[in-house]
Amino acid sequence: MKSAKKVLSLALTAVMCGSLLAGCSGSSSASTPAGASGSTASGDVIEISFPTFMCGTASQTEWAAERVATFNEQYAGQYKVVMEEIPGDQNYIDKLKVLYSADDLPDVIVTGGYNLIDMMQDKLVDLTPYMEEDPEWADFMSDVGVKVNSRDGKLYAVPYIRQIVGYYYNTELFEQAGIESVPATWDEFFEACDKLLAAGITPVSMDTADSGWCTSLMLGAMVGSTDSGEEFMNTNQPTDYNNQDLIDAAARIQTMFQKYTTADAIGGDYAAAANNFFNEKTAIIANGPWMVSKFYDTSVVSEDFADKIAVAAYPEGVMYNSGQIGWSIASKTPEKIEASLAFVKFMTSEESQRLDLEVCSVVPDCTIADADVYPLVNETIALADTAEHSINDYQSLWHATVVDEVSVQYPLLADGSITPEQFAQALTDAAA
Amino acid sequence: MKPKKTTLAAFLLPCILLFLLIYLVPLVLVAVSSFANWRIGQPLSFAGLSNYVQAFHDKNVRAAVGHTLLWVIAQATIHVFLGTLLAFILAKKFRGWKVFRTVCMLPNVISTAALAMILLNVFKTDGGLVNGLISLLTGSKFEWNWYFNSSTALPAVTLGWLLYPGMITILMLAAITSIPNDLLEAARIDGATSLQINLRVILPMVRNTLGTSVIVAATSMLKEFELIYLTTNGGPGNATLNLPLYIYKTAFTENNYSYSNAMSVLLILLGVLIVYAINRLFRMEESDY
Amino acid sequence: MKKFGWKGLFAGLLQGIFLLYTTVICVGPFIWVIISSFKTNKEILDSAFALPTSYAFDGYVRALDMSPIFHFFGNSVWISVINTIISVLVVAMAAYVLARFHFWGKKAFTLLLSSSLLVPVSALLMPIYLLMAQIGLLDTKASLILVYAALGLPTSLFILRGSFLSIPREIEEAAAIDGAGPLRIFFIVVLPMARSGLATAATLHFLTSWNEFMFALVLTKSESVRTLPLALNYFSSQFSFDYTAMFAAITMSVLPSILVYILLQEQVTSSLVAGSVKG
Chain A
129 MKSAKKVLSL
139 ALTAVMCGSL
149 LAGCSGSSSA
159 STPAGASGST
169 ASGDVIEISF
179 PTFMCGTASQ
189 TEWAAERVAT
199 FNEQYAGQYK
209 VVMEEIPGDQ
219 NYIDKLKVLY
229 SADDLPDVIV
239 TGGYNLIDMM
249 QDKLVDLTPY
259 MEEDPEWADF
269 MSDVGVKVNS
279 RDGKLYAVPY
289 IRQIVGYYYN
299 TELFEQAGIE
309 SVPATWDEFF
319 EACDKLLAAG
329 ITPVSMDTAD
339 SGWCTSLMLG
349 AMVGSTDSGE
359 EFMNTNQPTD
369 YNNQDLIDAA
379 ARIQTMFQKY
389 TTADAIGGDY
399 AAAANNFFNE
409 KTAIIANGPW
419 MVSKFYDTSV
429 VSEDFADKIA
439 VAAYPEGVMY
449 NSGQIGWSIA
459 SKTPEKIEAS
469 LAFVKFMTSE
479 ESQRLDLEVC
489 SVVPDCTIAD
499 ADVYPLVNET
509 IALADTAEHS
519 INDYQSLWHA
529 TVVDEVSVQY
539 PLLADGSITP
549 EQFAQALTDA
559 AA
Chain B
-10 MKPKKTTLAA
0 FLLPCILLFL
10 LIYLVPLVLV
20 AVSSFANWRI
30 GQPLSFAGLS
40 NYVQAFHDKN
50 VRAAVGHTLL
60 WVIAQATIHV
70 FLGTLLAFIL
80 AKKFRGWKVF
90 RTVCMLPNVI
100 STAALAMILL
110 NVFKTDGGLV
120 NGLISLLTGS
130 KFEWNWYFNS
140 STALPAVTLG
150 WLLYPGMITI
160 LMLAAITSIP
170 NDLLEAARID
180 GATSLQINLR
190 VILPMVRNTL
200 GTSVIVAATS
210 MLKEFELIYL
220 TTNGGPGNAT
230 LNLPLYIYKT
240 AFTENNYSYS
250 NAMSVLLILL
260 GVLIVYAINR
270 LFRMEESDY
Chain C
-2 MKKFGWKGLF
8 AGLLQGIFLL
18 YTTVICVGPF
28 IWVIISSFKT
38 NKEILDSAFA
48 LPTSYAFDGY
58 VRALDMSPIF
68 HFFGNSVWIS
78 VINTIISVLV
88 VAMAAYVLAR
98 FHFWGKKAFT
108 LLLSSSLLVP
118 VSALLMPIYL
128 LMAQIGLLDT
138 KASLILVYAA
148 LGLPTSLFIL
158 RGSFLSIPRE
168 IEEAAAIDGA
178 GPLRIFFIVV
188 LPMARSGLAT
198 AATLHFLTSW
208 NEFMFALVLT
218 KSESVRTLPL
228 ALNYFSSQFS
238 FDYTAMFAAI
248 TMSVLPSILV
258 YILLQEQVTS
268 SLVAGSVKG
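Protein sequence lines, in the order shown, are assigned to chains A, B and C. For the first sequence, this note's numbering assigns the number 129 to the initial residue and increments by one for each residue that follows. For the second sequence, this note's numbering assigns the number -10 to the initial residue and increments by one for each residue that follows. For the third sequence, this note's numbering assigns the number -2 to the initial residue and increments by one for each residue that follows.
Any given hint could turn out to be false.
Which residues of chain C face chain B? A partial, calculated answer using Cβ under 8 Å [what the hints assert, rightly or not]:
1. V24
2. V30
3. S44
4. T50
5. L61
6. W101
7. P117
8. P124
9. A147
In case anyone wonders, no lab produced these hints; they're calculated from the structure. Virtual Cβ for every residue (Gly too), placed ideally from N, Cα, C.
Between the sequences and the hints, there should be enough to build the whole structure, so can you do that?
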């Protein structure tokens, strides 16, 4: 009895030492739990694992479910994609980080615009050779998409969407305030805000929680209004935020917090900001075309709401227009890489991109001229194609600590506890 | 009674095995990696004491430790006091006391995500419950952003757990009600008032449970981060940042595991010190009888 | 009787106010969740504290439709119950020894066990994931049962040690003189007397494992082993949300915890009745 327990505890210690070593070395070794990522299936069917945040209320849920089902049907007997639902974008990222540290990444990875490439590059399959093998496929990807998904000339993810964001405004409220044309400069923008205020309308929907999406889009657009700022807003993971463009933009955001937005903006989240716009409490919201379908959803807006809404580029002709991080492969065996590649090609095909555009208003990486979409979506795309300044968004570019830091610094900026210079310094500190 | 060593071992062994299985590797890993440079996507290297030196100079660590200690002390005193008070009242077993016993645990049952949403609405500037009440009482419209103004964020966040002592209440209530009735009867016959009975007879007899409650309350503040994360996210600035939240952010947002683990070592040491101090304070090694 | 003097009245009033206030702040959130589950998303965002305009069960239907909530529910019950029993039993044995006997290294041992309370989840996730992969328990209910049993260990230890310390030694000594062995004494004599402590520890442990999210997320991937807290995350993502369904799901997940709580607390009460007869 006693000795049996001794043996047991010894065995346990051995197991744990083993796992400790595997954990510390970080590099892959034969003993790492490769079995966990999709156990080898019966027969010749190659199973690949595909965890996804596209479930529940996420906007691409239907699309992902339909596409995966179609793929499994089309490749029945050859490949099988096993989907794992991970509700919540942040939960998905958190789990992937743990899996990365345990050297047990799933076969296929796609995030909702969050950049994992710089972090996990060493475990992702370099797709350049497969691109060279298949020139037609290579040509199909847009240049900007390839650029965003490449590091040192190597492709680590396949692009499938573009990040295109302007702002939406309520034409009826603009008319009430006597605003005749869309502001072309930031000075005009603030004049328009004053007119709205004078007409008793709160000008802009803003937020600070969860990195303050609507607010940060405005901030980025302000930064991107000059040539130097445009360059900054296309820099991957900048470490120094102490530049005049960002400080000027922070000063304007400070003014907007204090004068031009709702009381619930400070501390509020995207849902509250969107709701204020839906209720016609505010006249302007910065957000992308995926929001358009909600303009027709009468459970959140009034009957003719969509007719009142128009899209505009930010002052100085700024538009968010950039490639986005796409589909990566982290399979470890040639068979699985082959299967994953087939799946990724399928999910980024023209057919899949078209469906994503038509069902979820997600702007495709390739050009699809005759898609059946809401007019506002096409108008947004058209604005992006003719923009003077094209920038990328902060969430894709900035380091995650900076993205998190803005949400705790905005309230300080709003109540005047810090100056725009201190705001820029705080972001610089967070990036270090 | 003198127990045999084998008996002691047999009683302790399952617990030790469970502890070793789940915690040994993490504990060793935390301790070892706190002397390394370990970030996602970067090579591992030895760092000596640099993580600790960094922590010493980090103004966020200073703020976080300060808030953590403040909350530990507030929780170990005010929170435990409220919970104990409620337990003494319920121990009188008036009609419906069982209902109250269930009621005071309700906030511990509903998910933190829901509680955070409720609290955000309670403290909201526009249409928030607190501002609404103040406006009603003063007769003039009152607006204040409790959670996101640097001067009120800390107290507002604190109220989110300080006023919910359900766990302490059920702990104390179980202890108080297990005191044999004849002891209390005897005190009553001697002419003691109910306040005297509570303070002189019952309180000393539940000393151990009171100590347990203080430990549970204090250590809960050394772990608390979800409610802060979901309401103020440690802000504005670092006004409501505590050590667990900073550790979480350093690990999951910054991916700096080694620095996060160095702070974890500090947190664990702090915790062990606090548990030890409370044990001594309540002389918890001794039996009640 | 003298206790109905002015002082007594004043004290009674204070107690009444305190109870009322506690009830309001404790029941308030719960009622709010239930009421919100009947409001539309627009109503929830527009006026958080207003009553719903109609009482439809749409939110419940959507919650059940969108997430595998029933399935997860069963898993949660199974995992929480089994791990609570294991944990409380295992910890009770250790707590008993720590409360009763003196041996070398006892203090250090207690403090070592306490230290596990403070290892942050972020430091636990990766090593435990690797461990579970090594012993082949990834994506099984057993992995969550093991982890949860250990997670509640320190708190249960404090509570149970406290309650064993409150039990008079004489009864065990009498049993020992009657010739009962240590195991017999523990299970037949001591455990029944510590019922209230056991029930309290079990309640808290059950609630902790019922609501745990991070390990459930990381250690499982199949629907057949996942738990309820994961289901509650199906209703909000960065740009879309369904609060009505979320509150409906929360309501459905909270009711069983309340039931468990009431049942376990009833256990405490009845054990007290038994105890006072003995005493």
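request  = Tell me if L61(C) is really an interface residue toward chain B, meaning its C-beta lies closer than 8 Å to one of theirs.
outcome  = The hint is violated - L61(C) has no Cβ within 8 Å of chain B, the shortest such distance being about 18 Å.
ask   = How about A147(C): closest beta carbon in chain B under 8 Å, or not?
value = Holds. Min distance 4 Å.
message = Does S44(C) hold up as a contact with chain B if the rule is Cβ-Cβ below 8 Å?
response = It holds, given that the least Cβ distance between S44(C) and chain B is near 6 Å, below 8 Å.
key: Hint check, P124(C) versus chain B [nearest Cβ-Cβ separation less than 8 Å]   = Nearest chain B Cβ about 4 Å off; hint holds.
query = Do the numbers back the hint for T50(C), that is, is its least Cβ distance to chain B under 8 Å?
reply = violated, 17 Å
message = Interface hint check: P117(C), Cβ to nearest Cβ on chain B, cutoff 8 Å. Holds or violated?
response = This interface hint holds because 5 Å falls under the 8 Å limit.
query = Is the interface hint for V24(C) satisfied, with its Cβ closer than 8 Å to some Cβ of chain B?
reply = Status holds, d = 6 Å.
key: Interface hint for W101(C), Cβ within 8 Å of any Cβ on chain B   = At about 10 Å, which exceeds the 8 Å cut-off, the nearest Cβ of chain B leaves the hint on W101(C) violated.
task = Using 8 Å as the Cβ threshold, decide whether V30(C) counts as touching chain B.
result = With Cβ-Cβ at 5 Å, under 8 Å, it holds.
Of the hints listed earlier, those the structure fails to meet are numbers 4, 5, 6, in rising order.
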